[in-house]
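Peer 1: Everything in the sequence shown is counted per our numbering, starting at 1217 for the first residue and increasing by one.
It is possible that part of the hints are untrue.
[To be verified] As a list, the in silico EDC-like pairs of lysine to aspartate or glutamate whose alpha-carbon atoms are at most 20 Å apart: (1) Lys1292 with Glu1256; (2) Lys1224 with Glu1322; (3) Lys1224 with Glu1323; (4) Lys1267 with Asp1232; (5) Lys1223 with Asp1294.
[Stated by the list, open to error] Here are the computed distance ranges between Cβ atoms for each label pair: (6) Val1282 with Arg1234: 13 to 23 Å; (7) Gln1247 with Ile1218: 30 to 40 Å; (8) Lys1223 with Glu1306: 13 to 23 Å; (9) Ile1255 with Ser1308: 11 to 21 Å; (10) Ser1235 with Asp1294: 17 to 27 Å; (11) Pro1286 with Glu1264: 29 to 39 Å; (12) Tyr1266 with Ile1218: 25 to 35 Å.
Derived from the structure by calculation, the hints contain no laboratory data.
Ideal Cβ positions, reconstructed from N, Cα and C, are used throughout, including at glycine.
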Amino acid sequence: MIPRPSKKELFGKLRDARSALLAGNVFLIDQGVIAEDAIELGYDIGDEFYKVLQELLDAASPADYVGGRPPQRAYKPDIEGLELFAFAVESSRFGCRVYLKFAIVEELLWIVSLHPDRPEKELS
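Given the sequences, and given the hints that come with them, work out the whole structure.
Peer 2: This is how it looks when you write it as structure tokens:
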């Protein structure tokens, strides 16, 4: 049995996320945290958020998937129970890998995280 999500499923989630973004159906789970992370990355969330998100989604591929297998479930009220898809994407704009986690349902894209990738430190 192939572990979920498959490469095909991830292609589909990224495609659906791009479509939702094009339609303007993007929601932030915790706008304050996303704004703080925008400051850390050095962009204006009010003016550049959609452009940054588009760049990340366009650059993302199934190989960038760093989420759970199977995907973890959301616990925040607006998206409780939905599957979360996490990617760490190399960004030329920021000169680092950027972590992007989202849920998508019924053509709505819910952004859970968007910040510099902070890989867990390996235990020695």
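Peer 1: Which hints from the list above does the structure break, by number from lowest to highest?
Peer 2: Hint check: 1, 5 fail, others pass.
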